[in-house]
Every structure is written in C-alpha cells, then in structure tokens.
Amino acid sequence: MTIAVLLKQVPDTTAKISVNGGRVDENAVSKWSFSPYDEYALEAALQLKESAGGDLVAITAGPARCEKLLRDAAAVGADTLVHVSAENINDLDSTQVQNLLAAAVQKSGASVIFCGKQAADTNAGSTGPGVAELIGASCVTLVSEVSSDGSEYTATRPSSAGHEKVAVSAPCVFALDKGITEMRRPNVRGIMMAKKKPIETWSVDDLGIDIGATGVSIDSHSPPAEKPPGQKFEGAESVSTVVGKLRDEANVI
Amino acid sequence: MPYEALDFYDVDSLLTDEERMVRDMVRDFVDEEVIPKIEHACRDGVFPDEWRVALGEMGVLGAPLEGYDCPGLSYTAYGVICRELERGDSGLRSFASVQGSLAMYPIWDFGSEEQKQHYLPKMASGEWIGCFGLTEPDYGSNPGDMITKAEDMGDYYLLNGAKMWITNGTIAQLAVVWAKLDGVIRGFIVEKDDPGFSAPEMKGKHSLKASVTSELVFQDCKIPKDRILPGVKGLRGPFSCLNNARYGISWGAVGAAQACFDSAKDYALSRIQFTHPIASYQLVQNKLAWMLREITKAQLLAYHLGQKKDAGTWIPEHISLAKMNNVDIALEIAREARDIHGANGILDEYCIMRHMANLESVKTYEGTHDIHNLILGRHITGIQAFTREL
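As they're listed, the protein sequences go chains Y and V. Numbering follows numbering that gives the first Met the number 0, in which position 37 of the first sequence is assigned residue number 36; successive positions increment by one, without gaps. Numbering follows numbering that gives the first Met the number 0, in which position 33 of the second sequence is assigned residue number 32; successive positions increment by one, without gaps.
Isolated chain Y (complex conformation):
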C-alpha cells in the first residue's frame, strides 16, 4: 500500500507578511514552514504507515524552495519525496493545483491520501475534496484520527452529537483538522537519512496533464486593517464607562 501526504509550504506563522505592489512579497518572508494542518496530516500518515504498513510518499507543489519541506518530511519518516515543480504556483487557482496534485498522486500509485483541512496562507480548504473528486476517491474532512483494520479505514471527525467515525475504503482522502498528536520531532538519524534521500521532481509535462487556464483572477492582496489603539481609563469614576463599553462595544459581559 502506498500512502501519500500532500504538503504545502507557507510563510511561518511568526513571519511578518508585507504586501508590495498589491501582492504578498515572498522575498520578504523570513521563514517558510509546513502549513500547520499539514503537520497533523503528516503525523496521521506516519502513524497509519506504522500500524498498517506501506510506503509513505510526501508530495508538494511549488517553487524550488519547497524542497526543504520534503527534507523535513523525510527526517520524520517519509519514504519517497515528490516535488511537483511549479515556479508559478501563485498564478494557479485551486482547481489547477488540485489537478497537479491529483496527477502526482496517481503517478505515485497512492491509494490513501492525507492532507491538511486548509492551508494557513489561502485558507481555501479545497485541496482534499478537490483531489478526491479528480481521482474518484472517497473524502472525509475535518479528521482528527485515522485507523485501519486492514481493509477499511476509520476516520474520526466532529458531528452534531460530538464525534462520528466514518469508515471508507481505498481510494480515500483524509483532510486533517487538529489531530490528537502533534507532529513528531525528527532526530539526527532521520536528518542524516533525509539528506541522502533523492527528491523526484515532476514537471507538468512529466505528469502528462493539461491544467487548463485559470478561471480566477486576484485583483490584489492587502494587509489586514490595523487594530485600533487600545483605550485607557483611570480612576474609580470611569468604572461605569468601562462596564458600558465592555457590554455594548466588546460584547464580553
């Protein structure tokens, strides 16, 4: 069995984001990291591999900088590394990216696929269902845990009653929410093996697909509005004003 995990490299949550000429300035991003939900996907995929066996292929699409992500995935236990080379990834829309990823999944031979429920940069949340649709797989979203009895896969997800367990058979896609365990820390042995592991780079031509033209155009990016400055009150006489604001403006009491 081949398990795939789809990973996206995003600006680290601690990195400052600046907008230049109506676009996020990628050159100004000081640190790139795993999209946090993808870390849960990777950990869940590693756990499934350890309990059910199989080969874990880590797949990412993007420019050359994304190779670091694959090395980090290898350091914690990914067996095969696939980089879908797309220098222009930001010009592609979600459907085009899903086409790339779906083709890479099929080329890898994976039948069980993990990804994060959404990426920390675009928050589109469409990769899991989109890839599942394209490869004709079942899809379970907002998953916190996946187990297998050898033939079926059981995913835990929230329901109106609390949690529900959804059983699916391969091919299937799991879009992970915050899972039950954080991504494991690598160790020196894993890091040294990761260094030697080859990265397979597949271009759109290698995948033999036509991702078509984008149907989406982004006018511009803009930074979020600055938070209004805090208000300061002194003295006992301001208590009623503060209480009023907490009740009427902040809606916290």
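Calculated directly from the structure, the hints in this document are not laboratory data. Glycine is no exception: its CB is placed at the ideal position from the N, C-alpha and C atoms. There could be a bad hint or two in this list.
Stated by the list, open to error - Which stretches of chain Y does chain V cover? Using the computed rule of at least three CB atoms under 8 Å from a CB of chain V, they are:
#	region
1	69-80
2	172-186
3	224-238
What the hints assert, rightly or not - Derived SDA-like pairs: lysine to any residue, alpha-carbon spacing no greater than 25 Å straight-line:
#	chain 1	residue 1	chain 2	residue 2
4	Y	15	V	27
5	Y	30	V	68
6	Y	15	V	16
7	V	264	Y	27
8	Y	15	V	2
9	Y	15	V	0
10	Y	226	V	270
11	Y	195	V	173
Claimed, not checked - With beta-carbon atoms standing in for the labels, derived distance ranges:
#	chain 1	residue 1	chain 2	residue 2	range
12	Y	29	V	338	25 to 33 Å
13	Y	50	V	136	53 to 61 Å
14	V	151	Y	188	37 to 45 Å
15	V	0	Y	223	14 to 22 Å
16	V	0	Y	234	24 to 32 Å
17	Y	192	V	113	27 to 35 Å
18	Y	54	V	151	52 to 60 Å
19	Y	192	V	120	17 to 25 Å
20	V	311	Y	215	55 to 63 Å
21	V	295	Y	238	47 to 55 Å
Given chain Y, put chain V in place with the hints provided.
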C-alpha cells in the same frame, strides 16, 4: 513573543542544510520542552529526567563522534546544538557537554574496543549518563598536582581520593575518573555501584540550579582491571576532553547571549517610561547596539572555530580565545540585559538573571577566564605564567 535568534550577519546561512535542520530540531525542543519547565527545575534544583530522554531520542549526545551508534555530526553541528541548548539554560548544555565531550569522548578516543562497544551505544541513547572527574577540592586550575590515586592490586585497581564540582555526578551510571597510577595520570571508568564509590550532591548553588553538581568520593574503591582507559597517559587525556567541551561552550555562550538580547529588546520596546518606550532612549539603544556587536563577533568566532575543528586545523589556544571571549561577553550581556529590565529583571518571569547567574559558573569552569588568558599569554610569549618559584 516567540524567540527570535539574533543573527545580524546571517551567519547561519553558512551552515549546511543538515546543520540547520539539527538547529531547528533542538530549537523546537528548547521552545516546547525546556522553556516552559526551566524555572520550576531551577526552583526545585533538579535536572528533569525527560530532558535526558529527549536528548537521547533526538540523537544529539556525543554529536561529533562516529560509530558505536554515535551521531557522527560535524563539530560545527555540535556547536550549533550547544548554542541552542544553552539558549534554554546553561545547565542543560552542561549536561550535554559532559555526556558527549567529557564522558563519551575519552571512551571513544582512549578506550579499548570492548569499552567502546559496551558503553558508547547506551550513552548515545541517553540510557546511561556519564560524568567526568578531574577537579579536586584543592586542585582546580592546577589538575596536574591531583592527589587522587590508583593502585594496581594485581586483580583490580584500588582508587582513593575525592573529586569536586562534578556535573551529573549523582545521576550518572559511570564516571570517567582521572587518577595517578604510579605518579602518572590515567583515566578509569568507575561505575555507580562499584564498592567504595559514592557521589553526594552539592547543594545550595545560586547558579546552574537545573544541573546536578556532585562530589565523587573514592574510599578503597575497587574497580576491575579492564576499566582503565588504555589509550592515554598524562594530562593530555583530560585536556583532550576539555578542548571539545570548551569548544562547545564557545557556541553555548552565544545562545545564552542571544536569549538575553531577545528578552532585553522586547522589554525595551514594551516598557514605557516618561511616556515613551525605553528603547527610544539613546542610553538603552547604546546597550542594545553593543550587545548586537558583541554577539555578532562571538557568532563569527564560534563559526570559524567550528570550521577549523572540522578541518582539523585548530590549536587549543584557538579554543581558549573563543571560550574566554564568548562567555565573557555573554555574561556582560546578561548583566546589561538585567539592567535594561530594571526591577523586573530580577524575577524569574524573565530568563536573564538565570542566564547571568549560570554564566558566572561557565566563566569559571572548563578553564577559568584568567587561565585562558595565561594560555594565550604563553602562546604569544613562549613563557608560561601559571606558576613560579616564590
């Protein structure tokens, strides 16, 4: 505020990908497992055992040693590990220094094949803790005059004497002990349960409180004949170990200084006095600029020394300079950082006073600041100034 490691000249861009991955691994460990627990560990005066387990699991113990399940990393990577650990706490870095450079290294370099196979794998995994017995109550900077001695009793060696200021002593399963056999300094592996051996903990430290410091006492301590380190005689043995540990300290001190700078910068930007952040005042900016200058120089010193260690073109005096300088500036930076934090600086809500107190020890151990000056003085002039006839 998440920790932001000052790297003004982007010195870490000179590291290999592998070294940066090791850096990130250890930095995450310190953020997640050490920083939240360090103040409690200091108050309780304990080295949390889960840190031993984690260091073993990460596979960083004995970092630059090859074979026998040791990591086989570069000396530069070892330095980076020390820097990241000491950003958390000097006591944590001390644990790793002693385990790797002072206990594993002598077995790796001077031990018999059987000793290496027996001890090194379980020390690399953290299962066994080692310590290093050189300093004695009356012989610190002058270890050559040690009085701990070993006698060859035919079937076994008999050790008598005492060692002091031994990091990890009480929690260690083995001690590499330096003692005189027929007047010649030799290394011996003493195990925890050897008859006549005890390792009482030294209490009451104001520094390195999250590190275990002990005495080692040998009263007719009998050890088997196969526990002598066959590969070295004289002070070269312990000094070889110290060279590696001191090298690691030269990096570690950078980590402590970076932590103090980070805290001082954040505090100065958020602390309002006279209606403005104190970071807007020239006197405070002068302090921060001086810290940045000294940290940048110390980083370059440590990195270049690492390259020389990896290339094998170093001499012990290079290590003396880096250990002395980097600990010296780290201690001064910690003191200045405490000053910037004002009264808040004495609280354990901030890391700086802990680092400051730790660095007082680091300045003294592994060759005092003054002794390293004398090593350099001898190198420059060819005249030793350690001792003279009075």
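Here's how the hints hold up against the structure:
For the region 69-80 of chain Y, the proposed coverage by chain V is satisfied: 3 residues have a C-beta within less than 8 Å of a C-beta in that chain, meeting the threshold of three. Coverage of the region 172-186 of chain Y by chain V holds [criterion: at least 3 residues with CB-CB distance below 8 Å; count 3]. Residues of the region 224-238 of chain Y with a Cβ under 8 Å from some Cβ of chain V number 0, which does not satisfy the need for three, so the listed coverage is violated. Taking the CA atoms of residue 15 of chain Y and residue 27 of chain V, the gap is about 19 Å. The hint holds against a cut of 25 Å.
In summary, the hint linking residue 30 of chain Y to residue 68 of chain V is not supported, as the alpha carbons are separated by about 33 Å, beyond the 25 Å threshold. For the hint pairing residue 15 of chain Y with residue 16 of chain V, the CA-to-CA distance comes to about 23 Å; that is within 25 Å, so the pair holds. The straight-line distance between the Cα atoms of residue 264 of chain V and residue 27 of chain Y is roughly 22 Å, inside the 25 Å bound, and the hint therefore holds. Among the hinted pairs, residue 15 of chain Y with residue 2 of chain V is consistent with the structure: their alpha-carbon atoms are about 14 Å apart, no more than 25 Å.
Between the alpha carbons of residue 15 of chain Y and residue 0 of chain V the distance comes to roughly 13 Å, so the proposed pair stays at or under 25 Å and holds. Between residue 226 of chain Y and residue 270 of chain V, the direct Cα distance comes to roughly 20 Å. Compliance with the 25 Å bound is thereby established for this hinted pair. With a C-alpha separation of about 36 Å, the suggested pair residue 195 of chain Y and residue 173 of chain V falls outside the 25 Å cut-off, and the hint is violated. The given range of 25 to 33 Å is respected by residue 29 of chain Y and residue 338 of chain V, whose C-beta atoms sit roughly 29 Å from each other.
For residue 50 of chain Y and residue 136 of chain V, the hinted distance range of 53 to 61 Å is satisfied, since their beta carbons lie about 56 Å from each other. Checked against the hint of 37 to 45 Å, the C-beta distance between residue 151 of chain V and residue 188 of chain Y comes to roughly 41 Å, which is consistent with it. As the Cβ distance of residue 0 of chain V to residue 223 of chain Y is approximately 20 Å, the hint placing it in 14 to 22 Å holds. Between residue 0 of chain V and residue 234 of chain Y the CB atoms are about 31 Å apart, so this pair conforms to the stated range of 24 to 32 Å.
About 29 Å separates the C-beta atoms of residue 192 of chain Y and residue 113 of chain V, a value consistent with the hinted range of 27 to 35 Å. For the pair residue 54 of chain Y and residue 151 of chain V, the supplied restraint of 52 to 60 Å holds, since their beta-carbon distance comes to about 58 Å. A beta carbon spacing of about 18 Å between residue 192 of chain Y and residue 120 of chain V agrees with the range 17 to 25 Å that was offered as a hint. In this structure the hint that residue 311 of chain V and residue 215 of chain Y lie 55 to 63 Å apart at CB holds, the actual value being about 57 Å.
The hinted range of 47 to 55 Å is satisfied by residue 295 of chain V and residue 238 of chain Y, whose Cβ atoms lie roughly 50 Å apart.
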